[in-house]
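Novice: Kindly generate the complete structure, drawing on both the sequences and the hints.
There are 4 protein chains.
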Amino acid sequence: MRKIGVLTSGGDAPGMNAAVRAVVRCGIDRGMEVYGIERGYEGLIEGEIREMTMSSVGDILHRGGTILRTARSERFKTEAGQKHAMNVLEAFGIEGIVVIGGDGSFRGGLELSKRGVPVMGIPGTIDNDLGYTDYTIGFDTAVNTVLSAVTNIRDTSSSHERATVIEVMGRHCGDIALYAGLTGGADNILVPEMPFDINKVCRKIIQGKNRGKLHDIIMKAEGVEVDTQELAQMIEERTGKETRVVILAYLQRGGSPTAKDRMLASRMGSKAVELLYDDEESRAIGICGSEICAYELAEALEMKSPFNTELYELADILSK
Amino acid sequence: MRKIGVLTSGGDAPGMNAAVRAVVRCGIDRGMEVYGIERGYEGLIEGEIREMTMSSVGDILHRGGTILRTARSERFKTEAGQKHAMNVLEAFGIEGIVVIGGDGSFRGGLELSKRGVPVMGIPGTIDNDLGYTDYTIGFDTAVNTVLSAVTNIRDTSSSHERATVIEVMGRHCGDIALYAGLTGGADNILVPEMPFDINKVCRKIIQGKNRGKLHDIIMKAEGVEVDTQELAQMIEERTGKETRVVILAYLQRGGSPTAKDRMLASRMGSKAVELLYDDEESRAIGICGSEICAYELAEALEMKSPFNTELYELADILSK
Amino acid sequence: MRKIGVLTSGGDAPGMNAAVRAVVRCGIDRGMEVYGIERGYEGLIEGEIREMTMSSVGDILHRGGTILRTARSERFKTEAGQKHAMNVLEAFGIEGIVVIGGDGSFRGGLELSKRGVPVMGIPGTIDNDLGYTDYTIGFDTAVNTVLSAVTNIRDTSSSHERATVIEVMGRHCGDIALYAGLTGGADNILVPEMPFDINKVCRKIIQGKNRGKLHDIIMKAEGVEVDTQELAQMIEERTGKETRVVILAYLQRGGSPTAKDRMLASRMGSKAVELLYDDEESRAIGICGSEICAYELAEALEMKSPFNTELYELADILSK
Amino acid sequence: MRKIGVLTSGGDAPGMNAAVRAVVRCGIDRGMEVYGIERGYEGLIEGEIREMTMSSVGDILHRGGTILRTARSERFKTEAGQKHAMNVLEAFGIEGIVVIGGDGSFRGGLELSKRGVPVMGIPGTIDNDLGYTDYTIGFDTAVNTVLSAVTNIRDTSSSHERATVIEVMGRHCGDIALYAGLTGGADNILVPEMPFDINKVCRKIIQGKNRGKLHDIIMKAEGVEVDTQELAQMIEERTGKETRVVILAYLQRGGSPTAKDRMLASRMGSKAVELLYDDEESRAIGICGSEICAYELAEALEMKSPFNTELYELADILSK
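Chains as they are written, first to last, in the numbering used here: chain A, 1 to 320; chain B, 1 to 320; chain C, 1 to 320; chain D, 1 to 320.
No lab work stands behind these hints, which were simulated from the structure alone.
Just so we're clear, the structure is a prediction, and the values are computed from it rather than from any experiment.
A few of these clues could be false.
The list cannot tell twin chains apart, which means a pair is met if one copy fits it or any two copies do.
[Said to hold, decoys possible] Calculated lysine-lysine pairs in the DSSO-like style (CA-CA distance at most 30 Å, straight line): (1) Lys213 to Lys3; (2) Lys77 to Lys209; (3) Lys320 to Lys3; (4) Lys320 to Lys200; (5) Lys241 to Lys83; (6) Lys114 to Lys209; (7) Lys77 to Lys213; (8) Lys241 to Lys77.
Specialist: Have a look at this one:
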């Protein structure tokens, strides 16, 4: 393959730029032409495409967000939109593309794949909700961002002997809450994968209080079926402990990527180019243990990773 | 004076520990006994008092929050509560106290002062809302905390070509929004001191868009008389630009104090001890230009500092 | 087993406290008594031992260094010292211990193991130089610490169009240089495992210059057989590019552990307790892929992990 | 005045970009043309000049270093070089310039001023060594950078019960050491302005040891007349305490500017433009207390600010 494209789609994630850089530089190093497609599938339809050079990805490795920008595209969900996208790829002579994004972005890629364009998917999302890979790009950065917020909040929480509910991202996948909760020393971790039990939450807060604990951190994924403000009120009523709410929201999306995310992005970008260079079929690229792995794209989208109950229980023991 | 007490009261602020450390060590250095009073006026009434040593304030200089903890006290607002507090001070032989906190804490100190105990007030609040001093302890840290949030949010905001409304603390005083807005390159700064004009806000966003600006940051103090979520909707409707909301809330309160706040706290703590040592009357300690200043306590509480319109206009020019 | 001890030994590493916390809390949770041994093997000989409680490891999860402190012990290298240590363990009724440290600490543990005390080794060192485990506790934090230094240095380096040699830790193992170099976008990475070629270094700097690159970062592990200052001079003479040196030294050792290191430490600490609880023989605990693994202690010390040439070559391509 | 230029010269400092941004945007806002001169006086001689727009200074406010780059210029020190520079300014129709830099850069500006070009000097240097202004741009950032290094080093220092000598910048001016030492809780602060007394240094270390202090931080400005490595040896020999050295070097120069430095840079940039707009004579712009001040350029270079012995003594008391 001689000409490839790269785009970022869906919610942005720290490390997307590191992945774009790896795709561009590894591609050029193999003698390919690499085209940057702006604003995801929307930009593809619009033909917002420019050839990338070694320099065009200089000084972006440490930047959050994505220089290719990203957007949702209603049009691309239609037959017409996809046909149009194919015409644009043909017009530019682009033979295969690398899609950096989450579940939705991969499904979009699958449509192009069905129409004959090899698509290599790189998991770029902070949610870590793709079953076929141990980790997604941006997850480690998001967890560390939540940790530094926890550090700030703990100061205030202790000084006032308060409980604080921290709402983090995660509609269906509680990994951010689980990892940040365990490593942040949260007293309670609430995730969509586990039943919500207000009594268990209050029990731990009361136990902590009796043990002389000053602060209580409740780490809650947004997907848990209880409103965060209401949860705070319930805790306050049942434990008599003043309870505050902090919703981290978009803070978790940005920031300079951690070493781990940059490494993951660099290795995956390199793998994506290698697969296109070897004219492989569409693949979803992931990390399995310490190895970069690649699954058949459609297959990968079906794979589910069970919730890590072992970590969940460990977190409970460590915060006793 | 031989025996003094120190307490922190009201909302905590980064640098309170640095101030406590300075009071304790400067006091001991002058041969005084220094007593730490826990949980503000509530702890004073309860007699939660312990003698401090050089070591008891070791390793706290860089910590956010307050090791003396803080609390609101309804009882202290009553005649009875204040009398009780006086008895406790007498029982411990404490001749004067240092109160680290905001407006409300100072008013509490004034009551003790009227009953004959010299009280030295140190401005510990992130809001910078005390008229007699240029800066309060914690303000610089809070502004820098907001700045790092802005950096994170800008990444995402640019990638999605979105506008983001960041709500920061400040019910009556817009200084956090003003300083963080100017130094964070916010396109719009909304403070309680200035009239809110939705058209001006939208005008700047549209101008920026036409100039090819990708992100828009609207820095809004919580005290501005428009609901933050509603504001985001108004902007989205009127500019057609997707608009998100981030409420920083308690994130702004914690964190390790900046050099500036540690310096301010150290100098003010030293000054408070000096004034008590010299048997001066109750004072509010502040920073005026580069000098530490001290006003008669009651007087200080009456002083108002005008909103800095010069900075407000400069911010507007710089974000054009 | 009912009574266990835990000590940290050798150079400190971020995450050691997280491991101590996990050992203490998981041990107590299993109904064991857990004793903290201060200052490594030296404190063991001296009998500097105290029983730990749930609270005694509170608020340390996010702290760098080690609350148990660490020290080198000449005495423990002697027959007499080891006998003495055994007597102390017997006196306290400690049946097994967890040793958190590097290669040397494990060898010390092996001596106790030979004398009949089960020893569980947890890899706590920033160098990542233990062959049996993919990662050691502290490595991820150290790499991220180097990255933030690179960010600072790049600013100055670009403004002055200078080259900068950054010397990082790693006498025999170049992993810090490799990981921080690849993820920091270093133009050259010098590690003890690969031959040093001044011409290759200069070639890349000259190529970068011709490509309009402003800054050059040379990431050098201390173990590379060329003096860092001399290297800078050689580069300056051969490329005509002003070249500066920064030696990060002990900066790399401290700091709050990253999420990854806290997670690793928590999981390994839990595993160590489980093995002692089950009266297993001495083991070295590690992470293999995404699983916690445990090798026979003596065996583990013999295992070598080959240098990751794949990453080394990827770094070269990415920095072209 | 209609056409102005701006350049950065000498060592770079965090906040220089914020100053450039303010000069450009305030200039354009007043209807002036603003030209960016690259690589300081060297670029001026070479005619490396481009007109700046509102957008050309977008997204630089939070960046360290300087987008205009900086360089030393031997040629500009000559009569011929200065004449040449004047010709270039005339060729571009540039009527006045803003020079952002330190002492040397101001002296260069003075030469142009003598030849009839109004020059407004903005103090951009981390050293805070300009007598006419309370603070220089970059100083606050540098001090905070040193503080975060101290936090890292303290962890390791405590775990090993070691002393650490931290060498910071400051050849003639010890302000970085003084401010970072006081706010970092250094046990000893060594500055060029005060006599060096090895006995005093050791006395405090021994006292601290006896008080059960685990770590000792000695903050030393590079200008102090004792070699840092030798100092460490002297301390080790005389106190028996293991002593390490960390030289922060260029780490202190980079990084994203703090809120205080961005504010200072923005206000000074605005003032410089105002003065040129009003056709004022050459001035050195500074901050005096909380007000922006402007001195006659030649005069400003003669002004000396005495070393702040009050802070020096306070630091000594606080670290007892």
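Novice: For every hint, state whether the structure bears it out.
Specialist: A quick look at each hint next to the structure:
In this homomeric assembly, Lys213 and Lys3 come within 30 Å of each other (Cα to Cα) only across copies, at 26 Å, whereas the closest approach inside a single copy is 60 Å. Only between protomers do Lys77 and Lys209 lie at most 30 Å apart by alpha-carbon distance; the minimum there is 27 Å, versus 53 Å within a single protomer. Taking identical chains as interchangeable, the C-alpha atoms of Lys320 and Lys3 lie at most 30 Å apart only when they sit on different chains, with a minimum of 20 Å there against 56 Å within one chain. Taking the closest pair of Cα atoms, Lys320 and Lys200 come within 30 Å of each other only inside a single copy of the chain (12 Å); across copies the shortest separation is 47 Å, beyond that limit.
When the C-alpha separation of Lys241 and Lys83 is checked against a cutoff of 30 Å, the pair qualifies only between copies, where the shortest distance is 28 Å, while the shortest distance within a copy is 59 Å. Proximity of Lys114 to Lys209 under the C-alpha cut-off of 30 Å is found in neither arrangement, the shortest distances being 58 Å within a copy and 37 Å between copies. Taking the closest pair of Cα atoms, Lys77 and Lys213 come within 30 Å of each other only across two copies (28 Å); inside a single copy the shortest separation is 52 Å, beyond that limit. Taking CA atoms no more than 30 Å apart as the test, Lys241 paired with Lys77 passes between copies only; the shortest distance there is 22 Å, against 49 Å inside one copy.
Violated hints amount to a single one, hint 6; each of the other numbered hints is respected by the structure.
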